[in-house]
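Peer 1: Could you build the full structure based on these sequences and the hints that come with them?
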Amino acid sequence: MSNSTTPLAVQSLNKCFVLPNRKIEALSDVSFELKPGRVTGLIGADGAGKTTLMRLIAGLLQYEEGEIRVLGLDVATQSLAVQSMIGYMPQQFGLYQDLTVRENLSLYADLQGVPEHTRAERFEFLLSMMGMNAFYDRLAGNLSGGMKQKLGLACTLVKAPQLLLLDEPTVGVDPVSRRELWQIVYQLVEKEGMSVLLSTAYLDEAERCDDIKLLHEGKLLAEGPPKKFSEAMLQRTFLVSHPQLSKRDLKKQLDTLSMVKDALIFGDALRVLTQDSIDSTDVLSKALEKSSGMTGYQIEPVAPRFEDAFVDRLAVQEGEVAGGDSNQSAFSSTQLSSSQETAEQTTQGPAIQVKELVCKFGDFVAVDHLSFSVERGEIFGLLGANGAGKTTTFRMLCGLLPATSGHLEVVGLNLRHARAQARAKLGYMSQKFSLYGVMTVEQNLAFYSQVYGLKGKQRQERINWAVETFDLQEILSQNSHDLPLGFKQRLAMACALMHEPDILFLDEPTSGVDPLGRRDFWDKINALADQGVTIMVTTHFMEEAEYCDRMAIMASGSILSLGTPGEIKEQEGVSDMEEAFVRIVQSGKSRKAPDKEDTSDDEEEAS
Amino acid sequence: MTDNAMQTEPQGRKLHMLMRVRGLVIKEFRQILRDPSSISIAFVMPVVLLLLFGYGVSLDAKHIKMGVVQQSPSVASADFASHFYRSEYFDASRYEDVPSAKEAMHQGTIQAVVILKSNFTQDFYSRPTAPVQLLVNGVNSNTANLINGYVQAAWQVWLSDYANKHGLTLTQPVQQLTRIWFNSEVNSSYFLVPGLIAIVMTLIGALLTALVVAREWERGTMEALLVTPVSIYEILFSKVFPYFVLGMGGMLLSLLMALYLFHVPLRGSLWILLLSSALFLWVALSMGILISTVGRTQFVAGQIAILVTFLPAFLLSGFIFDLHSTPLVIQMISHIVPAHYFVMLLQSEFLAGDIFWIILPNLLALLMMGIILTLVVLKKSHKRLD
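Sequence order for the protein chains is A and B. Quick note: the first sequence uses my numbering, first residue 1, plus one each step. Quick note: the second sequence uses my numbering, first residue 1, plus one each step.
Everything labelled a hint here was simulated from the structure, so no lab data went into it. Among the hints, erroneous ones may be present.
Straight-line distance between alpha carbons at most 25 Å, and here's what the computed DMTMM-like set of lysine to aspartate or glutamate pairs gives [claimed, not checked]:
#	chain 1	residue 1	chain 2	residue 2
1	B	K380	A	D74
2	B	K379	A	D74
3	B	K380	A	E65
4	B	K14	A	E103
5	B	K383	A	E103
6	A	K432	B	E218
7	B	K383	A	E67
8	B	K14	A	E116
9	B	K383	A	E442
10	B	K14	A	D74
11	A	K488	B	E218
Quick partial rundown of chain A residues pointing at chain B, CB under 10 Å, derived from the structure [said to hold, decoys possible]:
#	residue
12	G59
13	L61
14	Q92
15	V114
16	M233
Cβ pair distances, simulated, as ranges [claimed, not checked]:
#	chain 1	residue 1	chain 2	residue 2	range
17	A	D210	B	T297	25 to 31 Å
18	B	G149	A	Q443	57 to 63 Å
19	B	Y55	A	D482	49 to 55 Å
20	A	S434	B	L15	47 to 53 Å
21	B	T297	A	S371	42 to 48 Å
We treat Cβ as the ideally placed atom computed from N, Cα and C, and that holds for glycine.
Peer 2: The structure is reproduced here in structure tokens:
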């Protein structure tokens with residue numbers, strides 16, 4: 001039995017949600033304990049049950065079976081006492097946008113019963129740790145996304161809690177702010193000795209935790225320190241490249257090998273996870289040479305990561321990679337269309353050409369003399385912190401926002417004169433999947449095909465194509481609102497591809513999707529690029545940046561760095577994309593005015 | 001940390017509770033002051049509604065366009081016709097014959113025609129046949145009835161005047177003597193403006209409260225609030241109290257406008273008026289809070305609030321439409337509309353005075369509703385998300 005020094009003990013916990021037409025098992029038979037004074041990561045994809053578990057611990061939900069004890073107190077019967085000892089930061093932290101930073105802090109100090117005379121000191125301590133003590137009197141609504149998140153954290157910390165629950169504190173936060181948040185969490189653990197339970201869908205963050213609870217589909221899959229996970233993967237991870245082969249062709253070769261469990265594009269090479277540990281790289285290169293009849297493969301071992309362990313475990317769990325292989329082959333064998341090639345022949349030149357592009361909102365320069373071009377069939381990534389101008393650039397490229405000045409050409413059409421024509425050649429998939437939740441999958445497909453002006457036989461063909469390619473047959477009559485995230489994403493992509501666009505815009509396409517889902521998704525994207533479709537993608541997720549052919553890092557409306565992922569990492573002399581990103585953005589910031597950072601793009605936050 | 005855990009004696013607990021409630025109430029007032037939509041629902045909307053209903057909507061018939069046809073003009077018929085020309089209720093114009101007057105009716109230039117028949121002079125006194133014919137446009141039945149009444153009254157008045165002047169005795173079985181009580185000028189703003197106070201308070205109490213609670217759910221602030229050691233009663237109180245103040249403020253604003261802009265008399269006591277307003281506001285706030293436990297988005301909460309509080313207050317409270325002439329079913333439904341009782345109280349306080357056999361039952365009805373709704377709210381609210 002747990003005693004009062006154990007910050008959190010969960011015993012065979014079960015929780016279901018009953019919907020009118022079905023019952024969802026959110027958590028089943030979850031048991032674990034938290035070590036005091038440690039940062040424990042609750043890791044899992046969207047829908048794994050992380051938020052439900054957090055809410056149960058905070059006493060916000062009732063549970064059917066099991067027991068939760070926080071510092072020895074039963075949450076079910078003593079929720080108020082528990083709530084006075086914990087700090088909980090929900091995913092969307094409720095800051096009062098129309099109150100200032102100080103007023104928000106004071107409110108939570110009142111609610112937590114912090115004595116008046118200690119407040120000024122506490123506020124100063126917290127805000128200086130967050131680097132925000134210049135913003136006491138700013139309205140919370142006028143803070144940037146990263147700062148809002150930090151203020152939310154400060155509010156939960158006005159009274160030093162003994163157990164801190166953080167529900168996906170880093171989701172949607174750019175890498176620079178993410179690092180800061182992590183630093184703050186570790187400082188707190190050190191200074192105040194609190195125990196932290198932090199949930200995240202970013203697997204690379206697992207390595208930052210002292211201890212890990214891996215949650216998948218409501219079950220506790222594994223637990224232990226991150227090292228324990230990656231050590232099991234020793235001698236199974238390699239970087240493979242070939243000077244003559246494109247990385248996508250190389251991936252196809254690797255996918256055919258039975259000894260390869262997972263092959264992932266990583267910059268200019270492929271990151272390979274083998275089925276079993278192998279003693280030497282020769283085993284792999286021999287197998288490759290045998291199947292392709294080529295030589296000259298360069299293979300080097302790399303350190304295993306947490307994600308490798310996750311993929312390994314899940315693949316065992318589900319027996320097979322979620323049917324990924326089968327629809328992938330269906331996808332690549334299905335031609336996007338026959339007209340695609342003719343379109344390519346008639347119009348030459350780059351898919352996107354941007355010269356000296358400027359966009360101003362009043363005095364505020366959102367995009368500042370941007371120039372770049374994207375070739376046909378290229379996967380181009382646009383990275384940047386919140387407010388860097390990514391969304392604005394995207395909107396201008398899609399013809400949704402007029403440029404203040406500069407030249408903007410998409411598939412050979414000038415967006416100034418031929419906006420409607422250009423738009424007919426674009427597909428757009430937003431982060432929030434613009435689907436109609438109350439309509440069924442079939443109705444969504446029918447609607448989008450109609451919106452794009454498809455008629456009669458052609459329309460039916462495209463709908464059939466979408467159903468087949470994206471494996472939607474079984475869910476055709478379900479409301480799209482009730483679909484799991486992975487299916488929503490597939491459906492959204494099918495809708496965006498209805499009219500066979502030349503360019504596909506993806507706005508943070510895989511945030512919150514588990515690694516297997518993400519691999520499945522990117523297989524389709526790669527197949528599209530092979531067929532000549534140009535892909536333009538924004539992301540916060542550094543892993544995703546590695547999948548791009550070329551990428552640009554933006555800050556304050558201009559491009560700081562442009563090149564292949566390999567070139568960018570090399571330029572900064574690091575092997576880690578996130579490290580490169582942080583360095584580039586920080587050196588860029590020191591050149592600009594230091595207070596420039598707090599101009600957030602509020603349209604993004606408005607929801 | 002340990003001293004906080006130890007602080008469970010009643011003294012410390014009470015102190016913490018006061019601190020929490022104070023924090024929440026201050027926050028609520030700050031939000032009200034900074035959010036233009038709350039201010040406009042509480043103070044701009046009442047002014048707009050009062051001006052609109054006080055000046056714009058009139059249920060009285062005045063300056064009705066009508067035609068007068070004298071088929072064979074004589075001294076007597078001209079005398080009668082002149083009644084219409086002089087009256088402020090009518091804008092009368094002269095037509096030569098019946099067809100041209102009917103044509104004007106069809107075109108909508110006039111609402112009614114009074115035809116003084118060719119036998120008017122011979123027959124008006126002995127009346128074997130009707131000497132006066134009235135044609136009324138019945139599209140708006142309310143106006144049509146009013147015109148009918150006015151013309152009949154004019155005819156009676158003229159007839160008795162004529163009899164007096166000529167020393168004749170009018171053989172009428174019943175002498176009609178009309179006195180209009182409580183609103184002797186039959187001014188409809190006297191009747192509308194007090195009723196509007198019920199509408200304004202419904203808006204603030206139910207609609208605004210439901211919206212602000214739903215907003216907290218929508219923006220995720222409620223979830224963060226629920227995890228703090230605040231009790232659900234403290235949260236409820238700190239929502240109800242600021243909007244109670246706001247609602248009473250809106251009520252006083254409406255009262256001042258009623259008294260000094262529209263010169264509606266206040267014949268009852270101010271204290272009873274305030275008491276019944278406070279009771280009604282309590283009921284409205286409870287409804288608002290109850291709605292917000294069901295509708296957790298502003299859109300849904302707003303729709304429900306309009307449907308179950310605002311529209312019934314508008315249509316079924318007797319504020320505009322007299323409920324006595326409605327079907328029995330509607331009358332029965334109107335008894336579960338709190339605004340129905342409040343409108344009765346308001347109209348009685350303003351126009352009639354403190355009549356206890358009206359005030360007491362209505363106050364009791366509001367009190368009952370307040371108690372029931374509060375009990376439901378307390379039962380329905382809990383500090384959980386499910």
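Peer 1: Indicate, hint by hint, whether the structure satisfies it.
Peer 2: Here is what the structure says about each hint:
1. The straight-line distance between the Cα atoms of B:K380 and A:D74 is roughly 23 Å, inside the 25 Å bound, and the hint therefore holds.
2. With a C-alpha separation of about 23 Å, the suggested pair B:K379 and A:D74 falls inside the 25 Å cut-off, and the hint holds.
3. Taking the CA atoms of B:K380 and A:E65, the gap is near 23 Å; set against the 25 Å cutoff, the hint holds.
4. Restraint check for B:K14 and A:E103: satisfied, since their Cα atoms lie roughly 23 Å apart, inside the 25 Å limit.
5. Taking the CA atoms of B:K383 and A:E103, the gap is about 24 Å. The hint holds against a cut of 25 Å.
6. Of the supplied pair hints, the one linking A:K432 and B:E218 holds, its CA atoms being roughly 17 Å apart against a limit of 25 Å.
7. Between B:K383 and A:E67, the direct Cα distance comes to roughly 19 Å. Compliance with the 25 Å bound is thereby established for this hinted pair.
8. Taking the CA atoms of B:K14 and A:E116, the gap is about 16 Å. The hint holds against a cut of 25 Å.
9. Note on B:K383 and A:E442: the hinted pairing is violated, with a Cα-Cα distance of about 40 Å set against a maximum of 25 Å.
10. Proposed proximity of B:K14 and A:D74 is supported: the alpha carbons are some 24 Å apart, at most 25 Å.
11. Between A:K488 and B:E218 the alpha-carbon distance is near 22 Å, which keeps this suggested pair within the 25 Å criterion.
12. Contact between A:G59 and chain B, as hinted, is supported at the beta carbon level, the nearest pair being about 7 Å apart and thus within 10 Å.
13. Interface hint at A:L61: satisfied, since its Cβ lies 5 Å from the closest Cβ of chain B, which is below the 10 Å cut-off.
14. For A:Q92, the suggested interface contact is upheld, since its CB lies about 4 Å from the closest CB of chain B, less than 10 Å.
15. Look at A:V114: its Cβ gets to within about 9 Å of chain B, closer than 10 Å, so that hint holds up.
16. Restraint check, A:M233 versus chain B: the minimum CB separation of about 38 Å is more than 10 Å; hint violated.
17. Between A:D210 and B:T297 the C-beta distance comes to about 39 Å, which lies outside the given range of 25 to 31 Å.
18. A hinted range of 57 to 63 Å for the beta carbons of B:G149 and A:Q443 is consistent with their spacing of about 59 Å.
19. About 52 Å separates the C-beta atoms of B:Y55 and A:D482, a value consistent with the hinted range of 49 to 55 Å.
20. Range check, A:S434 to B:L15: about 51 Å between beta-carbon atoms, so the 47 to 53 Å window is met.
21. Judged by the Cβ atoms, the range 42 to 48 Å given for B:T297 and A:S371 holds: they are separated by roughly 43 Å.
Figure legend: structure checked against the earlier numbered hints; hints not met, in rising order: 9, 16, 17.
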